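Participant: Residue numbers (UniProt numbering), protein chains in the order written: chain A, 1 to 286; chain B, 1 to 286; chain C, 1 to 286; chain D, 1 to 286.
Honestly, the hints are just simulated from the structure, not real lab data. Incorrect hints may appear among the rest.
Which copy is meant is left open, because identical chains are indistinguishable; a pair holds if it fits in one copy or across any two.
[Said to hold, decoys possible] In the BS3-like style, the derived pairs of lysine-lysine whose C-alpha atoms are separated by at most 25 Å in a straight line are:
no.	residue 1	residue 2
1	K180	K22
2	K278	K13
3	K213	K97
4	K97	K147
5	K182	K103
All figures in this text were calculated on a predicted structure; none of them were measured in a lab.
4 protein chains.
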Amino acid sequence: MRLGPALIQGVSKNSVLVSSVKQYIIIRRTKYQEAQILEFDDFGKALVLDGYIQSTEFDEFMYHESLVHPAMVAHPRPENVLIIGGGEGATLREVLKHNVVKKAVMVDIDGELVELAKEYLGFMHQGSFNDSRAEVIIEDGLKYVEKAPKNFFDVVVLDLTDPYGPEIGRLLYSTEFYAKVKTLIKTPGIVVTQAGNSFFFPEVYEDVLNSMKRNFSVVREYWTWIPSFGYACNFIVGSDGLDPRALTESKVNETLKLRGVATRYYDGRQHEAFFKNKVVVGVRKG
Amino acid sequence: MRLGPALIQGVSKNSVLVSSVKQYIIIRRTKYQEAQILEFDDFGKALVLDGYIQSTEFDEFMYHESLVHPAMVAHPRPENVLIIGGGEGATLREVLKHNVVKKAVMVDIDGELVELAKEYLGFMHQGSFNDSRAEVIIEDGLKYVEKAPKNFFDVVVLDLTDPYGPEIGRLLYSTEFYAKVKTLIKTPGIVVTQAGNSFFFPEVYEDVLNSMKRNFSVVREYWTWIPSFGYACNFIVGSDGLDPRALTESKVNETLKLRGVATRYYDGRQHEAFFKNKVVVGVRKG
Amino acid sequence: MRLGPALIQGVSKNSVLVSSVKQYIIIRRTKYQEAQILEFDDFGKALVLDGYIQSTEFDEFMYHESLVHPAMVAHPRPENVLIIGGGEGATLREVLKHNVVKKAVMVDIDGELVELAKEYLGFMHQGSFNDSRAEVIIEDGLKYVEKAPKNFFDVVVLDLTDPYGPEIGRLLYSTEFYAKVKTLIKTPGIVVTQAGNSFFFPEVYEDVLNSMKRNFSVVREYWTWIPSFGYACNFIVGSDGLDPRALTESKVNETLKLRGVATRYYDGRQHEAFFKNKVVVGVRKG
Amino acid sequence: MRLGPALIQGVSKNSVLVSSVKQYIIIRRTKYQEAQILEFDDFGKALVLDGYIQSTEFDEFMYHESLVHPAMVAHPRPENVLIIGGGEGATLREVLKHNVVKKAVMVDIDGELVELAKEYLGFMHQGSFNDSRAEVIIEDGLKYVEKAPKNFFDVVVLDLTDPYGPEIGRLLYSTEFYAKVKTLIKTPGIVVTQAGNSFFFPEVYEDVLNSMKRNFSVVREYWTWIPSFGYACNFIVGSDGLDPRALTESKVNETLKLRGVATRYYDGRQHEAFFKNKVVVGVRKG
C-alpha cells in the first residue's frame, strides 16, 4: 500500500477495502449524504456516497449493464421504465439504449447529487439527462410510489444504496415498498433491485429476497463481482409473468440487436451465466 | 472497522483488504515463506502465506471446488492426477472425491507447511493425506516436472501462489513450465491453473494465458469471486483434446454422480456458468 | 506499510496507528478484557488490552519511569505504596526500586491478566511479583478503596486504562474516587495518575484534572511522548503538602542515589523538564 | 476509525498513522513533489508533501515555535536570518516576530508550493511573505549555499523534509552541507535543523547529529511531540560560540519581551524544558 490519501470503505462489519486516491475532485455534503467525486489509482474517477463507492470509471459498466439489461430484455416491449435512485445517470443511460423505450422516469431524492453528476460525471450519464425520453424527478422514492401513475411502468429498476446502510434506506427494500411498486406496473412487468452482498450480509439479503417473494411469483437471483466494491454484488428480479432465466443466449442477443443496444459486459452468454451462477448466502462453517 | 488485530492483505498495487483477526493460532517462518494460521471474524480459520490469504474455513469450498472439478469432469476417466502446490490438502481432498482416481500425487515445496496443515487445518484436508491413493512429495515443482513420469497423468492441477508474487513463483506460470507439464500428460489430458486476478493484473494474466495457449490447442478461462481474497479469482484450463466448455449441465451432473462426488458450490449448472461468464482483463477507461 | 498482520490502534476518534505485528504470542479473552501478548516490528513484545497497547518491550521504561518516580521522589520517605491497575507488574517494579519502600500493594481487577503477565512478560515485572514487600490483590479498585486501611499509604499510583475508554473505567478518574483514595493517604502523601492524552481528548483530560483539583491543593501536570501509543501521555500529580515541581535536579538525583534507584529515562534533569514542559490541552484553531 | 477518505502517513518503516480527512482542498503535483492541502477532522487544514504532513492548523505553532525560537533567542542580536525550506511561510513568520531582524531570506526549491501556500495557507504565513524584511528565493538550497554571501547570517534555520526521505533530501543533512552553511554565518552564529525522529530512525538521526558535531563545537538536541506527525520531532542546534542550553527561563522571557515576540507554546519555561528533556535514540531491547 503506498502512503498518501486513500478511501477506507466498508466491505463487511469486519473488513475494509483501502484504496489509494490519485486526486480529489470535489467533496460536498448535500442535504442527504456526503458526496465525493474523486479519482482512484485502481478505478479512475468515482462517485462515493457516505464513504461507499457507488460507481467508478473503470468498472461501472459491469454494474450498470448487469443491473439494467436482464430485466429489460426479459420484457417483450419495455416502453415505460421507472428508475428509483441512480443519481449518476448511468442506469438511465443503459435503459435508454433500448430504442423501444418511450419514457424513462428517474426518481432520486438528492437533487444536489444529480447536479454534481451532471457537472462532473459526464462519462457516466453520457448525455442521458438530455434525452427527450428522460424525465428526472427529485423526490423521495417512498413518496413517489404513493402518487405515481398506476399500471403504467413495464420495468422498474431500483438502484439504491445498500440495504444494510442507514435505517431509512431499508424501507426501500421492504415488502410494503415492493407492494407499492407493484401497483405501478402494467402486467406483465418486471422489477429489479441491487441487493448488496449475500455472503457478508446474509440476513439482510434474505430479508430483501423474502420481501420480493411475498410480492412476485417469479423471483430470480444473480450476481457479479464489482472490483471497486470489494465484493460481488447481488441482484434480484421479480415478476408475475416474465422470467429472465428462461431466455436463451440467442434470444437475448437477438433482442439486444433489434433494440440497438450496444454493451461491453452483458450479452446473451452472460445472461445465461447470470442465472446459472450459484448464489452463496452467508458464511457457513465448512 | 473495529480496532484491534487485523490482516493487511494486498488486493492490487493500490488497494488492500484489511480484515479483523479474532485469534492467532500460529505464525511460523518456514524455509520458504511466512505461514500463519489464524481465525478471522469474517472468514473463520485461515491459512495465510507471506501476508496473503490462501484459503479460509468459510469460503475455501468456493475456491477448491472451482479449481478442481471443471478439469476433472472434462476428463473421461482421470485415474492419475498431479497437484503442484496446494499445501493445505484441500485440493487433494477434492481430487480424491472422484472415485475413478487411482493415484493423486501432490508436490509441494514446503514440507513444514504441509506439517502445519496436517496439525492445524484438519477441516481443509479432511484426512485426504491419509488416503491410500495419495502420495505427497516435498519438492520444488520446477524440479519435479523434470524427472516425473512422462505420459502418465490424466489431470494436472496447479494450485500455486499468485503469478504476480515473488519472481521465483513466476516460473511456475511460464511457457517453458507448461511445456514440461505437458510431457507428463497422457493424451488427451488436461491442465488447470489458478491465475490470480485479470482485472487488477491484466499483463500478468495475459502472460499466463499466452503461455497456456502456446502449449495447448484448447484453452478456456473462467473465474469466481472468492470473498477472502478481495477479488474474483481467475482459472485457466488447457488441453489438446478435451474441452470443458462443451459439457452440458446434465452431463456434468451425471459424471459427478457416477464418480460419487458431493459438492457444495460446483455442479452442472455452475459448470455452464463458469464458461459463459465474461472475463474482464484489465482496467480500461470507460 | 508492509502487508501482513498488524494492530489497528485508536489514537483519537479520527486517527488510528497501524503497526505491523511480527509474531502473535497469545490472545486471551479474560473476564474483563481481551488481552493480547504479541511482538511488534517497531516495539518488541507488548501487552495489548482491548486493542490498545498498554506497554511494550522497547518503550515501557519511558512510560513506567515517568509514571512512578516523580511522585515517589517528591515524598520524603515512601514506605507504603498503593498501585491500582498495572497488571503487567512494571509499575510495581519501579516502585520497589526505592529501597525505603516497606510495602507495595498492587490491586488489579483482572487476575487472569496478572497470570498472563507472570508467564509471558518477565521482562516487565522482572521478578517484582516475588518481592517480599509486594502484595498483589485481585479486586476491583473501586471496591478496594472502600475497605482499604485509612491514613496508611504514602504514595498512590493509578496505572489504569485510558479515561476515555468504557464507561466503567471513568469511575476511576472521578472526583468521588479521588476523595476515597485521599482517605487512604497518610498526610502528607501524594497521588499520581496517567491521564490519557490532553491534545486529542481535552474535555476528558480537563475532567480528570478538575477531579484532582477538587481533592488536592497541589496539582501538577506533566507528559512525555510514548512511541507505541502514537501520542504523548499525560500524567497528573495531586498532594496536600508535597510539590514535585519544587524539586531541583540535584535534589532528585541525590534522592535516587540514596534510595538505590537505577533508571534509564528518568533522572533529576528529566524531572525538571517534566514540570517545565507546556501542557497543550485540546485542539484550538490557530 | 470512521469509514471514508483518509491519509495514510508513514511514522516508521513498520507503522502508519491513518487520519480521517474532512475535506480535500487541492492536490497538485509540482515539479518536485506532490503537494496536498486538505482538512483533517483532528488537525484542521494541513499541508501534505508526498504523503507526509508538514504542518497543520491545530499544531503547527508547536512545531514552528520550537524550531525557530531557541536558536533565535540564543543569538544576542539576530539581524540577518536564513531559512532553507519552510515553503508554507510559517517559519518565516516566527523569525520575523523578532523585531531585531533586518533581513530574512527564505530559500525554497519549490516555487509552485510557495504559490500554493500564499493562496491557500494564509493562516500559516500570516502575511509574512509581504514583510519588507523578507526575501523569498526559489532555488535549490544546495546551490544557494554555494553562492550566498559569506559571513553574513546570524541565524540559519533548516526547515526541510525528513532526513530519511528520498536520497536527494539527505544531502541537506550532510557534513558537507553544514560546512557550507557555516561559511555563510557571521561568528558567533547559530544553526538549527529539524531532524526527524530519533526513536524510529536512530541511524539517520545519529548521522545528522554527527554531521553537526563535525562542524560545530556546541551541539544541542531537543524535541517535542507533534500530534499530526504521529511522533516527537527532534531538533539539533549547532554553534561555535552560542549555547541555548545555558539560557535561563527569565533570560529567555526577557529577550522575547524586548524583541516583541508573542508565542503560544514557546517561552522561557519551555526553553529550559527543551534542553533538559532526555533524547531517546533508537529502539533498544529492555
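Participant: Taking the hints in turn, state whether each one holds.
Facilitator: Each hint tested on the structure:
no.: 1; hint: K180 <-> K22; verdict: neither (43 Å within a copy, 39 Å between copies)
no.: 2; hint: K278 <-> K13; verdict: within (23 Å within a copy, 30 Å between copies)
no.: 3; hint: K213 <-> K97; verdict: neither (29 Å within a copy, 36 Å between copies)
no.: 4; hint: K97 <-> K147; verdict: neither (27 Å within a copy, 58 Å between copies)
no.: 5; hint: K182 <-> K103; verdict: within (18 Å within a copy, 58 Å between copies)
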